[in-house]
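S.K.: In the order they appear, the protein sequences are chains H and B. 2 is the number of the first residue of the first sequence in the numbering used here; add one for each residue after it. 17 is the number of the first residue of the second sequence in the numbering used here; add one for each residue after it.
I should point out that these hints are in silico values taken from the structure, not numbers from a laboratory. Since the model is a prediction, treat every value here as computed from it, not as a measurement. Each residue gets a CB set at the ideal place from its N, CA and C atoms; glycine is no exception. Just so you know, not all the hints are guaranteed correct.
Here are the simulated lysine-lysine pairs, DSBU-like style, with alpha carbons at most 35 Å apart [stated by the list, open to error]:
#1 B:LYS118 - H:LYS56
#2 H:LYS197 - B:LYS243
#3 B:LYS47 - H:LYS54
#4 B:LYS165 - H:LYS58
#5 B:LYS135 - H:LYS54
#6 B:LYS243 - H:LYS58
#7 B:LYS165 - H:LYS136
#8 B:LYS165 - H:LYS197
#9 B:LYS285 - B:LYS118
#10 B:LYS118 - H:LYS58
#11 B:LYS47 - B:LYS243
#12 B:LYS135 - B:LYS118
#13 H:LYS136 - B:LYS162
#14 H:LYS136 - B:LYS118
#15 B:LYS47 - B:LYS286
#16 B:LYS266 - B:LYS243
#17 B:LYS165 - B:LYS118
#18 H:LYS72 - B:LYS264
#19 B:LYS264 - B:LYS47
#20 H:LYS58 - B:LYS47
#21 H:LYS72 - B:LYS118
#22 B:LYS243 - H:LYS72
#23 B:LYS286 - H:LYS54
#24 H:LYS56 - B:LYS135
#25 B:LYS243 - H:LYS56
#26 B:LYS162 - H:LYS58
Chain H is faced by these chain B residues, among others (derived, beta-carbon under 7 Å) [as the list claims (entries may be wrong)]:
#27 GLU125
#28 GLN128
#29 GLU129
#30 MET131
#31 PRO154
#32 LEU155
#33 TRP157
#34 CYS183
#35 PHE188
#36 ARG237
#37 ASP240
#38 LEU244
#39 VAL246
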Amino acid sequence: MMERACRRQECTVAQTGICLLNNDAATCPEREAIVGASVDIMASLETVLQAPKAKPKFPSSLTLSPSDLEKLTGRNYCRIVGILGAPDAGKTASLVSLYLLVSHARLDGFEFCDSRTLIAFEEISRGARRWNAGKPPEQMTSHTELADERTAGYLHLRLRSVDADEPFDLLLPDLPGEWTTSLIDNNRVDRLDFLKSADVIWLMIDGQNLIEQQTRMRAIHRVGLMMQRISKLLAPSVPPVTLVITRLDLGTPPNETIERLHAEASAQGIEMTIRHVASFADREGVAAGAGISDLIREAACSNGPPLRNFWADDQKRTGDRAVLRLRDFGETA
Amino acid sequence: MTPSSIVLVGVPDSGKTNYIGRLWTALRARKGRLLAPDVPTDIEYVEDTVAHLMQGEFAPRSEKMIGVSRRDFVVPVVRSEDGQDGTLFDLVVPDVSGELWKLAVETFEIPQEWMDQLKQSVGALLFVRVLSEHNVQPLDWINAEKLLKIHEPGKEDAALPTQVVLCELLRFLEHTLRPAGERTRPRVAVVVTAWDQLDRQRRNAGPLAYLQREYPLFAGRLQDMAKLDVRVFGVSVVGGDFDDPVFKDKFLSAGDLQSAGYCVVHDEKKLHTDSDLTSPVAWLIERQQGG
Chain H
2 MMERACRRQE CTVAQTGICL LNNDAATCPE REAIVGASVD IMASLETVLQ
52 APKAKPKFPS SLTLSPSDLE KLTGRNYCRI VGILGAPDAG KTASLVSLYL
102 LVSHARLDGF EFCDSRTLIA FEEISRGARR WNAGKPPEQM TSHTELADER
152 TAGYLHLRLR SVDADEPFDL LLPDLPGEWT TSLIDNNRVD RLDFLKSADV
202 IWLMIDGQNL IEQQTRMRAI HRVGLMMQRI SKLLAPSVPP VTLVITRLDL
252 GTPPNETIER LHAEASAQGI EMTIRHVASF ADREGVAAGA GISDLIREAA
302 CSNGPPLRNF WADDQKRTGD RAVLRLRDFG ETA
Chain B
17 MTPSSIVLVG VPDSGKTNYI GRLWTALRAR KGRLLAPDVP TDIEYVEDTV
67 AHLMQGEFAP RSEKMIGVSR RDFVVPVVRS EDGQDGTLFD LVVPDVSGEL
117 WKLAVETFEI PQEWMDQLKQ SVGALLFVRV LSEHNVQPLD WINAEKLLKI
167 HEPGKEDAAL PTQVVLCELL RFLEHTLRPA GERTRPRVAV VVTAWDQLDR
217 QRRNAGPLAY LQREYPLFAG RLQDMAKLDV RVFGVSVVGG DFDDPVFKDK
267 FLSAGDLQSA GYCVVHDEKK LHTDSDLTSP VAWLIERQQG G
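So that you can see chain H by itself, here it is in the shape it has in the complex (with noise of 0.2 Å):
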């Protein structure tokens, strides 16, 4: 389709429709100009630059989103550790220090069988992807490809625990401390409504802050405001919840300390245990890891089939784990 226009600058029968020359404008001899057609202005262009084809991908192993899961859940039972601290708690240090021992072959009583998120271990480790700084990531969405962004997901490991000679599967939400922050402050939850899947809960707190006089009341003030905050959230029936104290090499903090927590669950209804962990070891006396072997032990016997049980009897389940999916639809290239 052609169009024509008029040769002439001061010509108004766009804006009015009217000739100022009294011409029909279907026929007015002015109108010889010709302008490409519109429709075909694209096609009559030259290509300048191809789009740059993309390489083929093999699925990634950085954290994986609720959405990956399914694949995983779909092959094997998991069990979800909910993972929750403050900033600084020392959540990230302890998921780097179960790492290192896996890789070191050091965790005691376990062994390494694969996991689908080792880049992931990897870059956190070596702190290749940290949190933005001011602004940590608002949900758990897809990965994106920003090569230093930290983004909300899912860790995984599957190992074989010796005396049992039997495999599991672990996953461990790497989230910001923020994401505790906001619960307790602000009682945000929407984000954190895969508690409800989870078999164990870990609920971190920087060792230090109980030991030293000036920081320890306000800290178990915080322990119990977030053990009522998930009590609430996951009522009736709020998974074994543990309740993990880092920096297990500067000491422990005293007994009085120890009864107050656990009368703070106590009060919450919430069955607790408390494990002391290093994930470094900045002084003598304890070894870079100590404790996380033992956390595992117990997530590993936590609410899920137990290890060593074929016919799993799921009505001894607490929880109303909806996770577990019966069928594989194998991978897509």
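Got chain H sorted already, so can you dock chain B onto it with the hints?
M.R.: Chain B alone, transformed into the frame defined by chain H:
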């Protein structure tokens, strides 16, 4: 009918080149489980390696750059038991250095032609070299703590540990290789090269025990394979180190590459030594039930 392919995979300096040179002479000798019925058209690449070996030297690392036009070494092989007219399998030796695989692990990307090559392969040889100076140890607690506390730009780009790279390569193979038959799994032969470099105690423990000690993540992964059938071989292409003048003298005076070198593999719980250097490839394409 297009022959089935077997592909070679390994990081830089993993011993691929020297193994292929030695394998080529074994295929020509026709004394092992596999033989090459014909001489392929282009054998320049492999003959260069053979020249080094026959002079008592290991071939240097291949420095082929990615993106330069590709000239693979493709050698059709048959099972000796089938004779010259048996089913042909193409052994495809990529004309790229291990950089291709290293980059694939770092970016999860691979050129289309290599993705296609993997997808039409029924098995793979995955190489790792004993005591390579390019082996990267896993991060330790002291360095990890430093890296977490102090953000040092550039440090995070440090090379991935070898065991992580091997796990990732295995994952890529798991994702792409196709089974040779309906009830079979694609096979991967893990070839631990420079096996003679280990002390007697470690050699006696076998190649899987070596991997368990050096690369616990990779060894754990090998023992939890649902989609691949994996076997670990220890390989010494000439049976010793050419840097040792006594060995080199002995090798050159014997003047017989065919009698040099061996493979070790756990066979029904017993460590088995085999002078047939075609063994890892022969296992990849042996007849399987249902295959």
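S.K.: Now tell me, hint by hint, if it's right for this structure.
M.R.: Outcome of the hint check:
Straight-line distance between C-alpha atoms of B:LYS118 and H:LYS56 comes to about 15 Å, which keeps the hinted pair within the 35 Å bound. Distance hint between H:LYS197 and B:LYS243 is fulfilled; the C-alpha atoms sit about 32 Å from each other, no more than 35 Å. Between B:LYS47 and H:LYS54 the CA atoms are separated by roughly 47 Å; this puts the pair beyond 35 Å, and the hint is violated. With a C-alpha separation of about 33 Å, the suggested pairing of B:LYS165 with H:LYS58 holds against the 35 Å cut-off.
Among the hinted pairs, B:LYS135 with H:LYS54 is consistent with the structure: their alpha-carbon atoms are about 19 Å apart, no more than 35 Å. Between the alpha carbons of B:LYS243 and H:LYS58 the distance comes to roughly 19 Å, so the proposed pair stays at or under 35 Å and holds. For the hint linking B:LYS165 to H:LYS136, the alpha-carbon distance of about 19 Å falls within 35 Å, and the restraint holds. Restraint check for B:LYS165 and H:LYS197: satisfied, since their Cα atoms lie roughly 33 Å apart, inside the 35 Å limit.
Simply put, B:LYS285 and B:LYS118 have alpha-carbon atoms about 33 Å apart, close enough for the 35 Å limit, and the pair holds. Distance check on the hinted pair: B:LYS118 and H:LYS58 sit about 14 Å apart at the alpha-carbon level, within 35 Å; holds. For the given pair, B:LYS47 sits about 32 Å from B:LYS243 by alpha-carbon distance, which is consistent with the 35 Å threshold. The hinted pair formed by B:LYS135 and B:LYS118 meets the criterion: a straight-line CA distance of about 19 Å does not exceed 35 Å.
Annotation: proposed proximity of H:LYS136 to B:LYS162 holds, straight-line Cα distance about 23 Å (limit 35 Å). For a cut-off of 35 Å, the pair hint linking H:LYS136 to B:LYS118 stands: about 33 Å separates their Cα positions. A distance of roughly 24 Å separates the Cα atoms of B:LYS47 and B:LYS286; the hinted pair therefore holds under the 35 Å criterion. Simply put, B:LYS266 and B:LYS243 have alpha-carbon atoms about 44 Å apart, too far for the 35 Å limit, and the pair is violated.
Distance hint between B:LYS165 and B:LYS118 is fulfilled; the C-alpha atoms sit about 28 Å from each other, no more than 35 Å. For the suggested pair H:LYS72 and B:LYS264, the alpha carbons sit about 54 Å apart, so the restraint of at most 35 Å is broken. Restraint check for B:LYS264 and B:LYS47: satisfied, since their Cα atoms lie roughly 24 Å apart, inside the 35 Å limit. Distance restraint check for H:LYS58 and B:LYS47: the Cα-Cα separation of roughly 41 Å exceeds the 35 Å cut-off, and the hinted pair is therefore not satisfied.
The straight-line distance between the Cα atoms of H:LYS72 and B:LYS118 is roughly 27 Å, inside the 35 Å bound, and the hint therefore holds. This hinted pair checks out: B:LYS243 and H:LYS72 have alpha carbons roughly 15 Å apart, not beyond 35 Å. Using a Cα cut-off of 35 Å, the hinted pair B:LYS286 and H:LYS54 is violated, with the two alpha carbons roughly 50 Å apart. For the suggested pair H:LYS56 and B:LYS135, the alpha carbons sit about 15 Å apart, so the restraint of at most 35 Å is met.
At most 35 Å may separate the alpha-carbon atoms for a hinted pair to count; B:LYS243 and H:LYS56 meet this at roughly 25 Å. For the proposed pair B:LYS162 and H:LYS58, the alpha carbon gap of about 33 Å is at most 35 Å, so the pair holds. Satisfaction of the interface hint for B:GLU125 is found here, the shortest Cβ-Cβ separation to chain H being roughly 4 Å, below the 7 Å cut-off. For B:GLN128, the suggested interface contact is upheld, since its CB lies about 6 Å from the closest CB of chain H, less than 7 Å.
Interface restraint check for B:GLU129: the shortest CB-CB distance to chain H comes to about 10 Å, outside 7 Å, so the restraint is violated. The beta carbon of B:MET131 comes within 4 Å of a beta carbon in chain H, closer than 7 Å, and the hint placing it at the interface holds. Nearest Cβ of chain H to the Cβ of B:PRO154: about 4 Å, under the 7 Å cut. The hint holds. The criterion of a C-beta within 7 Å of any C-beta in chain H is met by B:LEU155, whose closest approach is roughly 6 Å, and the hint holds.
Using the Cβ-Cβ criterion of 7 Å, the hint placing B:TRP157 at the interface with chain H is satisfied: the shortest such distance is roughly 4 Å. For B:CYS183, the interface hint holds, the least distance from its beta-carbon to any beta-carbon of chain H being 6 Å, beneath 7 Å. Interface restraint check: B:PHE188 against chain H, minimum CB-CB distance 5 Å, threshold 7 Å, status holds. With a cut of 7 Å, the hint placing B:ARG237 at the interface with chain H holds, because the nearest CB-to-CB distance is about 6 Å.
Annotation: B:ASP240 was flagged as interfacial toward chain H, and the flag holds, the nearest CB pair being 4 Å apart, inside 7 Å. With 7 Å as the threshold, the beta carbon of B:LEU244 stays out of range of chain H, its nearest partner Cβ sitting at about 12 Å, so the hint is violated. The interface hint given for B:VAL246 is violated, since its Cβ lies 13 Å from the closest Cβ of chain H, which is over the 7 Å cut-off.
Taken one by one, the earlier hints fail for this structure at numbers 3, 16, 18, 20, 23, 29, 38 and 39, listed in ascending order.
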